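First to last, the sequence lines map onto chains A and B. Residue numbers for the first sequence, in the working numbering: 123 to 385. Residue numbers for the second sequence, in the working numbering: 33 to 282.
The set of hints was computed from the structure by calculation and includes no laboratory data. All values derive from a computational prediction rather than experimental measurement. No residue lacks a Cβ here, since even glycine has one placed at the ideal position from N, Cα and C. Incorrect hints may have been included.
As the list claims (entries may be wrong) - Some chain A residues well away from chain B (every beta-carbon gap over 12 Å; in silico):
#, residue
1, A130
2, Y139
3, L167
4, S220
5, N254
6, L261
7, E347
Claimed, not checked - Once the Cα atoms are required to be at most 20 Å apart in a straight line, the calculated DMTMM-like pairs of lysine to aspartate or glutamate come out as:
#, chain 1, residue 1, chain 2, residue 2
8, A, K376, B, E45
9, A, K376, B, D53
10, B, K102, A, E290
Here is what each chain is made of, one letter per residue.
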Amino acid sequence: MNLPRIIACTTRYLYLYKRSLPRLMEVFYWPLLDLLVWGFVSTYLSGYKGTLPDFVSFFVGALILWDILFRCQQGISVSFLEDMWSRNLLNIFVSPLSPLEYVVSLLVISLVKLVLASSVMVAVAWLLYSFNIFTFGVLLVPLVANLIIMGWSVGIITTAIILRYGQETEVLAWGIAFLFQPVSAVFYPVSVLPPAIRAVARFVPSSHVFEGMRRIIRDGTLPVEELAWAFALNAAYICFAIIFFSWNFREVKKKGLLSKVGE
Amino acid sequence: METVVEARGLTKEFNGFRAVDNISFDILRGEIVGLLGPNGAGKTTTLHMLLGLTTPTAGDIRILGRNLEKDREEILSRVNFSSSYVSLPYSLTVWENLSVFAGLYGVKRPGEKLKGLIKTFEIEDIKDSATRKLSSGQITRVSLAKSLLNDPEVLFLDEPTSSLDPDMADRTRKLLKDIKEKKGLSILYTSHNMKEMEEMCDRIIFLDRGKILAEGRPSEVMREFKGASLEEVFLKIARKEKTCFDGADG
Numbered sequence: 123m124n125l126p127r128i129i130a131c132t133t134r135y136l137y138l139y140k141r142s143l144p145r146l147m148e149v150f151y152w153p154l155l156d157l158l159v160w161g162f163v164s165t166y167l168s169g170y171k172g173t174l175p176d177f178v179s180f181f182v183g184a185l186i187l188w189d190i191l192f193r194c195q196q197g198i199s200v201s202f203l204e205d206m207w208s209r210n211l212l213n214i215f216v217s218p219l220s221p222l223e224y225v226v227s228l229l230v231i232s233l234v235k236l237v238l239a240s241s242v243m244v245a246v247a248w249l250l251y252s253f254n255i256f257t258f259g260v261l262l263v264p265l266v267a268n269l270i271i272m273g274w275s276v277g278i279i280t281t282a283i284i285l286r287y288g289q290e291t292e293v294l295a296w297g298i299a300f301l302f303q304p305v306s307a308v309f310y311p312v313s314v315l316p317p318a319i320r321a322v323a324r325f326v327p328s329s330h331v332f333e334g335m336r337r338i339i340r341d342g343t344l345p346v347e348e349l350a351w352a353f354a355l356n357a358a359y360i361c362f363a364i365i366f367f368s369w370n371f372r373e374v375k376k377k378g379l380l381s382k383v384g385e
Numbered sequence: 033m034e035t036v037v038e039a040r041g042l043t044k045e046f047n048g049f050r051a052v053d054n055i056s057f058d059i060l061r062g063e064i065v066g067l068l069g070p071n072g073a074g075k076t077t078t079l080h081m082l083l084g085l086t087t088p089t090a091g092d093i094r095i096l097g098r099n100l101e102k103d104r105e106e107i108l109s110r111v112n113f114s115s116s117y118v119s120l121p122y123s124l125t126v127w128e129n130l131s132v133f134a135g136l137y138g139v140k141r142p143g144e145k146l147k148g149l150i151k152t153f154e155i156e157d158i159k160d161s162a163t164r165k166l167s168s169g170q171i172t173r174v175s176l177a178k179s180l181l182n183d184p185e186v187l188f189l190d191e192p193t194s195s196l197d198p199d200m201a202d203r204t205r206k207l208l209k210d211i212k213e214k215k216g217l218s219i220l221y222t223s224h225n226m227k228e229m230e231e232m233c234d235r236i237i238f239l240d241r242g243k244i245l246a247e248g249r250p251s252e253v254m255r256e257f258k259g260a261s262l263e264e265v266f267l268k269i270a271r272k273e274k275t276c277f278d279g280a281d282g
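Using the sequences plus the hints, can you model the full thing?
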């Protein structure tokens, strides 16, 4: 064992964190998110008097729906990363393909990945837990549509940030969706959240989707108000995401960064 | 002869640093123009501005008679690019990669086109191999095949032969010259191989610190800078021997 060599190698990793805010944030990010999500779940469960209503539907259904948002975001960001890792972005952007066409192709591939992943999840949930997500019936459609659109918005914004700030921000592709998990109230009602976080949750489309899902399980009624909120917020966010991507793409071209993405 | 690339007053600043400083030049149909200069001279920035990858701070670019900013899609469907510094998706096979780019360029009868290019670049034996398994020379050949998919009228080549062995590099140069003769292909060529530049280029543009230091036939530039070869001229400029600048119009 050679101590100077071990120190040199360790220093190499420390240098990475010294200059990279995203990497530094990642050190605190996951433990904090886990603590928040499971802390709120514990608060919800400990405060519940009596029998929990349809426990499996609440949790397994929520998990399957959450995965829709996550897969859509990742389907976009990771597909972009594949082009970055293979140093193929220049070939793409010197072709007649427009940036908007590129984004649309990322949306399409995210849907393909979503269908594959969801099929497996739905089948396993049915086989192992006798949970059939299709018992939601047609009410599932607006829930899923909202989660897809929110996943796309987050994915497009993440891609724009990676395009602009390069490889050191690629950690966002793996973790940014989880930033929305505590405020989305996936596994507990929004009422469990402290007032400040509840105020934030009001502007997160997925929180309305999960509130809506719980209403459907509990009462079997269409959560019109929640869905209206979710659709309105999503319409605003997807427009913002496209504008943000276009603006960043122009900035990247101005700064000559397109050839440096991935370095 | 028809002008296919017109650059006028092209300037690019990065945070106050002028990487390209008010340069103007033309490329004619069927002409091979070499862009050379020391590292940091502004070659790559110029190339990227011509490809629409970097937005100029000032100046105009017209390619095939159209404005690059306004008619990007139309222009890019009629030009192409290959660089030894750019790769292709590693997981895809050679055939799959070329098929994808045939789609992006709207190539008609792509199967036929691919077969022809695969034969031309002698990559039949690797056409079903994943790109990650290829040597850098093989990737360069695939990349060159990709650059000819749409029968481009203007080709931008960034050190296209740097990963090729001398035999394949020589055959690639001959092939490009052949296409130039037969189809009137115009090429903007960057390379650090000065012998290659002398052999390939009808005209060279010598950049230094973002400005055009010299422009003309390789023999004219050599005469102007009193060098026996382009390599000698390059070394003089790169090492800033001020005496060699006598008579240069900077």
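Hints and how they fare:
1. Distance check on A130 of chain A: its Cβ is at least 29 Å (rounded) from any Cβ of chain B, clearing the 12 Å threshold; non-interface status holds.
2. No beta-carbon of chain B is positioned within 12 Å of the beta-carbon of Y139 of chain A; the least distance is around 26 Å.
3. No Cβ of chain B comes within 12 Å of the Cβ of L167 of chain A; the nearest lies about 44 Å off, and the non-interface call holds.
4. At the 12 Å boundary, the C-beta of S220 of chain A falls inside the reach of chain B, the nearest C-beta of that chain being 6 Å off.
5. N254 of chain A, annotated as away from the interface, keeps every beta carbon of chain B farther than 12 Å; the closest lies near 36 Å.
6. With a least beta-carbon separation of about 39 Å from chain B, L261 of chain A lies farther than 12 Å from that chain, consistent with its non-interface assignment.
7. With a minimum CB-CB distance of about 44 Å to chain B, E347 of chain A clears the 12 Å threshold, and the non-interface call stands.
8. Between the alpha carbons of K376 of chain A and E45 of chain B the distance comes to roughly 9 Å, so the proposed pair stays at or under 20 Å and holds.
9. Under the criterion of a C-alpha separation no larger than 20 Å, the hint pairing K376 of chain A with D53 of chain B is consistent with the structure, at around 16 Å.
10. With a CA separation close to 33 Å, the supplied pair K102 of chain B and E290 of chain A exceeds the 20 Å bound.
Taken one by one, the earlier hints fail for this structure at numbers 4, 10, listed in ascending order.
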